[in-house]
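Novice: Got chain A; can you put chain B on it based on the hints?
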Amino acid sequence: MTTTKNPSRPSLPIVENFTRRAAVKGAFATLGAGAFVAAISPLRQAAKNTTAAEFMQQHYTELSPEQKADVIARLEAETKEKYGADVTIADDRPIPGTKFVYAINLSVCNGNGKCVEACHKENNHDRDTNQSYIRVIEMPKGTMDMEKGSTTYTGTVPKDDKFYLPVQCQQCDEPPCVDVCPVKATWKEEDGIVVVDYNWCIGCRYCEAACPYHARRFNWKKPEVPAEEVNPDQSYLSNRIRPVGVVEKCTYCLHRTRRGKLPACLEACPTGARVFGNILDKDSNIRWILENKRVYILKEELGTKPAFFYYFD
Amino acid sequence: MPRIANLIFAGVVCLIASMLLVAVWQSGTRANTHAAPEETPQVAQLPSEATTTHPVIIRKPSGPPRIELAGMDPQGRTGSVACSTCHAVRKPNLENVSAATLDEFHQGMTFNHGKIACYACHNPDDSDALRLADGKSVAYENVMTLCSQCHSKQAESFAHGAHGGMNGHWDLSRGPQMKNNCIDCHDPHAPSYPKMVVGFKPKDRFNAPLDDHQDHEGAESHDDH
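Heads up: the sequence lines are chains A and B, in that order.
Everything in the first sequence is counted per this note's numbering, starting at 1 for the first residue and increasing by one.
Everything in the second sequence is counted per this note's numbering, starting at 1 for the first residue and increasing by one.
There could be a bad hint or two in this list.
[As the list claims (entries may be wrong)] Simulated DEER-style distance windows between Cβ atoms:
1. A:F55 - B:I58: 46 to 56 Å
2. B:K203 - A:P140: 18 to 28 Å
3. A:P96 - B:T78: 57 to 67 Å
4. B:K203 - A:K299: 21 to 31 Å
5. A:D313 - B:M178: 14 to 24 Å
6. A:Q45 - B:S192: 57 to 67 Å
7. B:M178 - A:I40: 57 to 67 Å
8. B:M178 - A:V244: 34 to 44 Å
9. B:G199 - A:C204: 42 to 52 Å
10. B:M178 - A:L280: 17 to 27 Å
11. B:L132 - A:D160: 30 to 40 Å
12. A:G97 - B:A139: 35 to 45 Å
13. B:I16 - A:F55: 13 to 23 Å
14. A:A33 - B:K203: 45 to 55 Å
[Said to hold, decoys possible] Take a look, some chain A residues computed to stay more than 10 Å from chain B by CB distance:
15. L106
16. K141
17. D145
18. K184
19. E208
20. V230
21. G272
22. I297
[Said to hold, decoys possible] Some, not all, of what chain B presents toward chain A, calculated at C-beta under 7 Å:
23. R131
24. L132
25. G161
26. N167
27. P194
28. P202
FYI, nobody ran anything at the bench for these hints, they're computed from the structure.
Cβ atoms here follow ideal geometry from the backbone N, Cα and C, with glycine treated the same way.
Same shape as in the complex, but just chain A (with noise of 0.2 Å):
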């Protein structure tokens, strides 16, 4: 400032007649010039992450067929890219005229957790974490208020006071999931099955919260698959490798049974407690099992309605 006051005194020599509207007008450029680049500052964090490809992808649901392909070849190519792993990522949508619905007969279930471990391997979870979709809790008898179970039991199961309570994705028919999601990045398909884009979603967690079966689960990390570990037959909406910082869910296994198979928990089940069904077709098992059954509702009060039971013999 003091070089504008005295102009004749010899000064340095760039700053000649170097006004207050001058300085006022240069400090606002500069701070507009700062303000743009602090602005786009996550577009440029974004970008180190994700390529522009990846960045632009449209919501699921909105994907033409030829997005869609390019979307599944750039998902297949990065599988590639970061885990060493040939994978295909199939596109599978509900059969017409399916509901699927699942039953736990807790008279047999023993709590072994094979079913835990089949997810774990099936849905290309984290290694480190031993990650799955299923928790079998191991409950006291004489309630059946999952709160008051634990999941940390080990050794020898059954043990004579204890009954065992597997607890997945219950896909309610009212998911509160579905229904907090401030994106649209989940939602509930023609069969029953609640889908999570994962592209799609920004990790707010709040279907983690609003969940009553503590069902949805968080990628705090990069999930770590060794490639010859790497389940190699995927869907886009299921076991694909899922980023970090998302939330992901127990799909019955979309990718097996949109092709007619059983989800593999159930295949895994050494006591036979699961059953896999369409409650369309009125000669299914599960439509038996419903009405012939001592048939329970996990925390039915709340009117989630799920589309899974449990059975007693």
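Specialist: Only chain B this time, still in chain A's reference frame:
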């Protein structure tokens, strides 16, 4: 003030220009991927008019059991024999109910199947077959017929997929289903389902300290948590 407005205007122009650039680049990359060999996603096919229905295959035992011989022959060979090898020449003792009353063979076996005797199920007239309650002979392969006489509740559940494990397809128009039979899971001589040891545990934040506990306390159970 108009000067500041100019600056803001310049900023907006810059922003629009950068957005346009990104958009152009984006369309460029998309065009590129279009040129690449197109891979259509594998879509689940619709059932083809349900004309072909695949079977439900119930696994069957391979046949009558073979008894491993305890000793070896002079050449050092072991072998197994059919039940009838011995039982053709031994008179059946209908009184036997447990290992305690056996004086020579089968003594190491565990019997824990109600109060039934050996010949409730085994056939005294044909040792390579089983016997139904009405005296009819039934082959070992059809052991489920025998079990179902008493365990009709389980048999009914089994018939509706509510008892016993299975593999394969839920949708029989797309593929077959394989089911276990009774003795795949239940030892007929001690049929209660065996205890198992938990092998796999997720390490989420609720049970992360579990490994530490185990290190300190050994393989103790933590069921009272």
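Novice: For every hint, state whether the structure bears it out.
Specialist: Tested hints:
1. Checked against the given bound of 46 to 56 Å, the beta carbons of A:F55 and B:I58, roughly 53 Å apart, stay inside it.
2. As the Cβ distance of B:K203 to A:P140 is approximately 24 Å, the hint placing it in 18 to 28 Å holds.
3. In this structure, A:P96 and B:T78 meet the distance hint of 57 to 67 Å, their C-beta atoms being roughly 59 Å apart.
4. Hint check: B:K203 to A:K299, Cβ distance near 26 Å, so the stated range 21 to 31 Å holds.
5. Judged by the Cβ atoms, the range 14 to 24 Å given for A:D313 and B:M178 holds: they are separated by roughly 23 Å.
6. A hinted range of 57 to 67 Å holds for the C-beta pair A:Q45 and B:S192, which are about 60 Å apart.
7. Here the CB-CB span from B:M178 to A:I40 is close to 58 Å, well matched to the stated 57 to 67 Å.
8. Distance hint check: the CB atoms of B:M178 and A:V244 are about 39 Å apart, consistent with the given range 34 to 44 Å.
9. For B:G199 paired with A:C204, a C-beta distance near 35 Å fails the hint of 42 to 52 Å.
10. Take B:M178 and A:L280: their Cβ atoms lie about 24 Å apart, and the range 17 to 27 Å holds.
11. For B:L132 paired with A:D160, a C-beta distance near 35 Å keeps the hint of 30 to 40 Å intact.
12. Under the hint 35 to 45 Å, the C-beta atoms of A:G97 and B:A139, about 41 Å apart, fit the expected range.
13. A hinted range of 13 to 23 Å for the beta carbons of B:I16 and A:F55 is consistent with their spacing of about 19 Å.
14. For A:A33 and B:K203, the Cβ-Cβ distance of about 48 Å falls inside the hinted range of 45 to 55 Å, so the restraint holds.
15. For A:L106, the non-interface assignment is confirmed: its Cβ lies about 12 Å from the closest Cβ of chain B, beyond the 10 Å cut-off.
16. With a least CB separation of 12 Å from chain B, A:K141 remains clear of the 10 Å interface cut-off, as annotated.
17. No beta-carbon of chain B is positioned within 10 Å of the beta-carbon of A:D145; the least distance is around 16 Å.
18. Non-interface call for A:K184 relative to chain B: holds, since the shortest CB-CB distance, roughly 22 Å, exceeds 10 Å.
19. Non-interface call for A:E208 relative to chain B: holds, since the shortest CB-CB distance, roughly 12 Å, exceeds 10 Å.
20. Annotated as non-interface, A:V230 keeps its C-beta farther than 10 Å from every C-beta of chain B; the closest such distance is 17 Å.
21. Residue placement check: A:G272 does not keep its beta carbon more than 10 Å from all beta carbons of chain B (closest about 4 Å).
22. With a least CB separation of 17 Å from chain B, A:I297 remains clear of the 10 Å interface cut-off, as annotated.
23. Checking B:R131 against chain A by beta carbon gives a least distance of about 27 Å; that is not within 7 Å, so the hint is violated.
24. Contact between B:L132 and chain A, as hinted, is not supported at the beta carbon level, the nearest pair being about 25 Å apart and thus beyond 7 Å.
25. At a threshold of 7 Å, the smallest CB-CB gap from B:G161 to chain A is about 3 Å, leaving the interface hint in force.
26. With a cut of 7 Å, the hint placing B:N167 at the interface with chain A holds, because the nearest CB-to-CB distance is about 5 Å.
27. Because the smallest distance between the Cβ of B:P194 and any Cβ of chain A comes to about 9 Å, over 7 Å, the interface hint for this residue is violated.
28. Because the beta carbon of B:P202 sits about 4 Å from the nearest beta carbon in chain A, less than 7 Å, this interface hint is met.
Hints 9, 21, 23, 24, 27, counting from the list given before, are not met by this structure.
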